[in-house]
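These protein sequence lines map, in sequence, to chains A and B.
When the letters of the first sequence are read in order and numbered with our numbering, they come out as residues 1319 to 2103.
When the letters of the second sequence are read in order and numbered with our numbering, they come out as residues 247 to 498.
Since the hints were made in silico from the structure, they are not lab data.
Each statement offered as a hint is correct.
Cross-link-like lysine-lysine pairs, in silico, DSBU-like; alpha carbons within 35 Å at most:
1. 1404/A <-> 1422/A
2. 1422/A <-> 292/B
3. 437/B <-> 277/B
4. 410/B <-> 1404/A
5. 1413/A <-> 410/B
6. 1497/A <-> 437/B
7. 1996/A <-> 1565/A
8. 1422/A <-> 338/B
9. 1690/A <-> 2039/A
10. 437/B <-> 1413/A
11. 1413/A <-> 458/B
12. 292/B <-> 437/B
13. 1700/A <-> 1970/A
14. 283/B <-> 410/B
15. 1385/A <-> 410/B
16. 292/B <-> 1772/A
17. 1565/A <-> 437/B
18. 492/B <-> 458/B
19. 1404/A <-> 428/B
20. 428/B <-> 458/B
21. 1720/A <-> 1700/A
22. 283/B <-> 437/B
23. 1365/A <-> 292/B
24. 410/B <-> 421/B
25. 1422/A <-> 492/B
26. 1422/A <-> 428/B
27. 410/B <-> 1497/A
28. 1413/A <-> 277/B
29. 437/B <-> 1365/A
30. 1422/A <-> 1903/A
31. 1497/A <-> 1385/A
32. 1422/A <-> 410/B
33. 283/B <-> 1413/A
34. 1385/A <-> 1903/A
35. 1413/A <-> 292/B
36. 1612/A <-> 1970/A
37. 277/B <-> 421/B
38. 1903/A <-> 1996/A
39. 1996/A <-> 1365/A
Here are the chains, one letter per residue:
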Amino acid sequence: METKRFGDYTIIVLSLILCIAGLMGIPYLHIDSSTDAFIPHDDPVAKTNEEIEAVFGALDAIVVSVKSPTTMMTDENLRILADLTKQIEAIDGVKQASSIANMKHLEPSASGVEVVTMYDGDLDVLRERIDSWSSFYRGTLISDDEKTAAILVQLTLNADDPTLLADIRAILAGVDGLKTSVLGLPVVTEEIRLSLLSDLAFLIPIVATLLILILFFFLRSVKATILSLVPLIFSSSLALGIMALFKITFTMATMLVPVLLLIVGSAYTIHIFSHFFEEYEGGDPGPILSVVVKRNIYPIAAAAATTASGFLAQLSSPLGPFRTFGVLSFFGVVICATSSLVLLPALIRLMYTKAPKRREQEVRSSSIIVGKTVALVTRWGKPILVISFLILVIFLPLSYSKLGNGTNMLSFFRPSTALVKDTRQFSADMQGSFSLSVMVTPTGAKTLAPSTLKTLEAAIDTISEDPYIGGVQSIIPFIKRMNQLLGPGDDMVSDAPQEEVSFDFFSMDMGFGDVDEAYDDQWVGDAGGQGLYEIPSDPARYGLSTEDDLAALIAQYLLLYSSSLDAFINDPLEPDATLFTVLLKESDDKRLAALTAMIPTLFPAEWEVKIGGGEAVSLALTNLVTRSQIISIFSSFIAVWLLVLLTFRSPKLATISLIPCLFALTAVFSAMVLFSIKLDIVTSLLAALCIGVGIDYAIHLLAAFGREDRDLPYILHTTGKAILANAASVALGFAGLIVSRFTPIMNLGLLFCIAMVAASLSALLILPALKIHYPSLVKPRRKAI
Amino acid sequence: MKRTLTILLIMLVLTPMLFAASMSASQIITKVTDTQKSDSAAMDLKLTLIEANGTQRERRIQTLTKSVGDDVMSITVFLSPESVRNTRFLTKDVGGQTEQYIYLPALKRVKRIAAGEEGGSFMGSDFSYADMASTTYDADEAVHTIVSEDSLSYTIQSIPNNRKTYGKLVVVVDKSNYLPLKVEFYDLDQKTVIKTLVTEQQDVVDGRPITKILTMTTLATGHATRLEIVQARYDMPISDNYFTLKFLETGR
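In isolation and in its complexed conformation, chain B is listed as follows (with noise of 0.2 Å):
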């Protein structure tokens, strides 16, 4: 993963600044970026898989993160279901370098793993694990142009410049928090839409705004995901004993 899972999700530092001025796209999507951005997050998310006949599954983990400059940590721990509980995963982005560790409590051992697909589901959910990352592109990692404006939202189409797993996204911004309302992933081709991606409630931790409740859903199979944020936590200090192969040893 080259990015972590948390920096999507933390939603941090409301600066509602409204500027009079009209902002590029990609002055928007840095805002964006920046609401999104966080030093240290602890997130505890309930995913629910909503099968096309309208059956669910549940899961349930917990994350840790931390960044320093461009270096990112973070922990992941699986809480359910009861057959993956305990089973935790160790990501370190440190000096560009990728390391991926995974904890396997039936074995009681740690392993070394090779890093994922980003393209790849995560736990059998809608969301790839890029999508975990993070659902919009930074400023210079593709193409943004407004495609439409209006009193309460930007459009903004980006198009990639390393089209790897999306061709294109279209993402409605909200201009009052600049958290993203929906997001459109596009095939490779550009035209066809693959996964939608709603927030569906948004509430303000620590005095950030956050995405509480989104649902990402794949077109093709109606298969969709719900990903709620029961707990949160922003920008607290958190030690570096966290992101070592002690912790995710022993839990300890």
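So that you can see chain A by itself, here it is in the shape it has in the complex (with noise of 0.2 Å):
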């Protein structure tokens, strides 16, 4: 006795250290809120993305948004927005941050051109300089109702973004009068780390309480409920610690494990407790305690194993945190059932002397809802079995085919979210602020070829077309703007001054002549702004001969801009990429798939065309996410079908027990054509989850056939009893996820009640009806379980 109580209290020890040390790694865990952390590091899209980067700079840019409701060009605005800008560019990580009030604006002059500060206290001439570049500006800094200003922040490579965006929150909190927000992609990923972290500290508690419920539903007494949690937090705190001590990265998915463990570990421990209470009369709890456990060890470890392989099959997933998320899953749940069998026996060894009152209404009630149930599948059974066999054919095929898919990090968001309405708000009033961007290298060509430019012209044209589509920034602009304020007007070819002379300052006198003052005084320029808005491509009219000249014009044009255009061309003088950006008013999968697939067809062959971009990895994941979907959805079911068969050793049986997941997957999909729920990286997890939880019932009600001396009402009774009491508590307990801060995990928590429902009540309809209607086809070749 006094051997057991101290193996007993060693177990609950050690137990808590290990809790405590879990708990104790929730400050270390390494958190990572961007879909890039889905993404394989060797998908084309993020090394394209690396490539570009390494190229071009930083892709995620922030946009701050300064709207008024009136018009943001009084003097008093536009002072605001000077103020801002300027104290945005000097936070740390900010390269450049421009607006409409700070831009140098290139204008002609008496003799060339000038730079000026785009406002310069002057609203008139404001607006004259917006107006003789509106195309640039119009739509990028400002819009075409003049309500809405943008500032612009481009960010170092290796900028801090959340304390970045805190600077800017910081300094945006002082603007009175004016609606200010920060946008982008930074900003959005910033958002979900903190939802995250607000999911983490109330989702799991919220999900207890559930829980707390529900085992108290059951088990009706608070030690026992209190008991039953332990094993839970157990294994969730380790869960947690194992994730901070291998520094797998906190991710959307693997944040849900902890929440998983709490209401899958659940099933065990009632129905540890509930045979407990069924056996136990008082005094001594340590003998029944050893025949209920031993009773329960296979039924809890058939139902873990299921349920683990369930999440095993993770593993087959292209995306990382998804495998990730099965194999601690997999460890979790068995820690899970080994503390159901080990630890809470230990502690109701220790806790309990005397029996808990029975219920017998209880009973009563529960049998007329079994003898409705038999009396059901006797009589329509059939019809049950027929109408289902066509739900099945045709639902599911069909429910899957309507999926839709996307992985659009805003969508994590509900519509009503200040984020989501911003952004929204943004991309009506402007280009847009969704982007994806294409790296360009024309093979076997110049890129500041005037051919090549034209290329480049006639494709963003053609992408222009769309309206989804905001706005296209490339370089074509300031060539353009460079020709017309340098490029020569309409009869100023001809004159062109003598041949031109090579020469070296090292091979030359260097003290040759006086000084030609005369000439210098009566020299006069060329006024800015006589050529046209054009891409110089007709030799002739420059007094050129060959486009290798034109190219060397633009070229020449560009050593003035060079320390400005390092975003559209990777060197200044002699480029060989050019990248442009794609401004989106939505981001839509099916639109973005087929804008992706279109461009590339938009050069010659021999180009290299990349695309990358936030919207570009969106795009790659919902591929990915549909992928990683079919596989867990195939390999799931072959794992738990080897496994039914390695229990019932026929593979009928095995076969037949993947109804209720089948039933479970079609009201799934459904529900979620029904609803409009995207498959997207949380909700794709869901198929491989029913099928691990659902297949369960199926192997219960299975085994309990297989006992001969057992009726189906009493396996109704009993078994079927356990079955919904076990849908119910894993279907509250996923209820508790509609709080969560994120779109996809609420919907996971809804889809996944919906599930648990279809399954159980499958599995008690459809399985039943078989065995009164045709007793051969459930009938197992051995006595099992």
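Bring the two chains, given one by one in their own frames, into a single complex with the hints.
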């Protein structure tokens, strides 16, 4: 007895130490809130983004929107805008901040060009300057209605986004009378990081509270409820500790692990307690508990094995965080099941000396339900089977084919959130805040050759035709503008001066002649701004002979711009690649897929066209998620089928056991179509989970059918009731996810509830109907379980 | 350009006086500036732009500079790449006024242009226009402090009075010839090093020490630019003819 007690205390103390150690790991969790965390490092889009960033700098810009209810074009508002721009530019990690108030503007002068600050205190002049190059300024820095102005914030590659965003927000907090908002991918990523932390802080307590209610409902004892929670908290804490210890990135997928363990594990503790209460009459609980544990090892191990194998099937996913999720959940479930069989009995042995009160009323009410179910499947069994079969055959493929997919990060948030509303408003007012970066390497051609630039311009014109495209930013407007400012007027080519001399200061006599002051004093240069706003492409118009000469002219224009065009060309003089950015009004995966398929066709086949940027990541992720979903469904089915085959030694029963899973999937996919829920990085985990959890119901019922001494009412009264209890606890536990700040996790909660209802009901209706009408189908080869 | 390209690169008049008495930071910086001063200079420069992935591009320019008191005139001719060959810049800092002109060989025309931004990149290199003029602040442009000193060098911290491009410089000065050995350029926050300039080779031309090869690296991108003085001549008589619109336009 004393030895036993010592053993129990040892188990409890060890578990407590591990639990505390696990919880202490929370501050060390490495959180990655970007969708980049889901993209494999060798994925083409990840490589393209790396390549683009190495050449053209950070892709993820931040936009600060400043909106006035009337107009931004007042001295006071422009002063505020200039002030904000200046303060933002001084923040660490900001490479450049540009707004209509501080931008440098090139304008023609009497003998060339002049660089002026856009706004120098004169509103009329500012408007003139905007209108002189409105295709560039409007929609980018000021909206057409002049109510919204943007501050474009370019970041350095090593910028610390959270600190930088906090600094920007602190600056904006001091603005009165204007509505300000911060937008862009880094902002969305930061919001996700904060939401992940918030979910971790709120979701676990909410799910735990729900579980307490569920456990209390089934166990009707505060003591039993608290004790049942211990193994769940233990395994969840341990999972968090493992993540911190092994530096497993805490993503939207892995953050679900502790929550899932709480929910899935509750079934095991309910199982142990309900059997214990049935047998225990008071006194030393040790002997009864030994029997209960021994009897439940197999069912709990089998249930854990199927659930864990459903999780483990995620190992086949192409997405890293899903594989991590799978492994972590697998170990979590194993720990949870083991602690239910070891830690929980140790706690019970120390805490119980008296038997709890029995509940006769419940037995009666559950008998009525059982009776009605038996009557239903006896009388309507065959039609139920036919209808079920039809539902499966029609709705499963139909709903799956209609599933929408998309992993746009903004859609992780509810449409009512400020971030979503501000982004949508900005997209409506300006060119758009979703972007796609296209790097074009014109193999075999000069980037600055007019024919290359014309091809680029034609491609951009085609892309811009789609109303969903807000604008395209490229090198083209700068070249046209420089040509307009510096290029020759219509009648200025014939009087070109003498032949070009080639000289070398080191081979010349450096002391020649007197200064011809008269020449300089009388010199009058050509006025700027006489050229055409075009890509110079007709050599004759420029007094040149070849396209190479024109390419050289363009390079000479860009020599003056060399410091500010590095976002568009990889070298100011002889670039071999150019980047253009497509700004999208909305992020829609289907249109994005069509656009990314079309873009390469707009260029000669030998040119290299690489598409990157935030929206390309989103699209690549969507494709990976869809692939992952298909792979994980099949691997989960195969895993659980093999496991059931191993249990029953019957391929027939292994196949029949998949029925509740198929109904769960049908219900989930149909609900997704009905509620327009997209397949995304979280909801794509659902299918494998449904299979892992849903298969248990079939296993329990088929095992019970195998016991020849038990009739159907008895089976439904015992096993059936346990299945309902389990489904209810899992469904209610998942319902807690509905309070998540993330739409996909919220959807996951809702869909899992639906899945559990579908899986348990289909198991309790279809399998008994099969037993009554086609008993040979559900008869196991051997006595099992 | 407030100051011209060549002032930096003309590493003139070696006066290797080894002061026994300790010098103040300002005195050291004044020596650094004086060492690099010249009345006139001609230089043939090769800039090698090195991408983080090792890809290299070459630029070749020649410059001619003449200083008279505070007035500085310079002409820069681009020799390569081919597309900008013979493009010429004329800069005149005369009487506190800066005038800049560009000759575009493709159009065979001179255009007056506005002064470029000091912080802007020079020809796509890691040097800004301001760096090309000078990589240290003059004694009166910043507050200079000696951070450390050893037998070979002084380390001076310079905090500019007018923080436009950099928040702080840390300059390691060679005690033997007062040439900068290394310069760290700090962001406006005075904490983050954004670029480093390292002297790779020194030389003596016309009896004066010069920095022959130096490399500027931008830390955030890993991009670097190696600047080599291929040929140089200092303090020779140069006609004002070179710094005229006529020469800019005709090359004669």
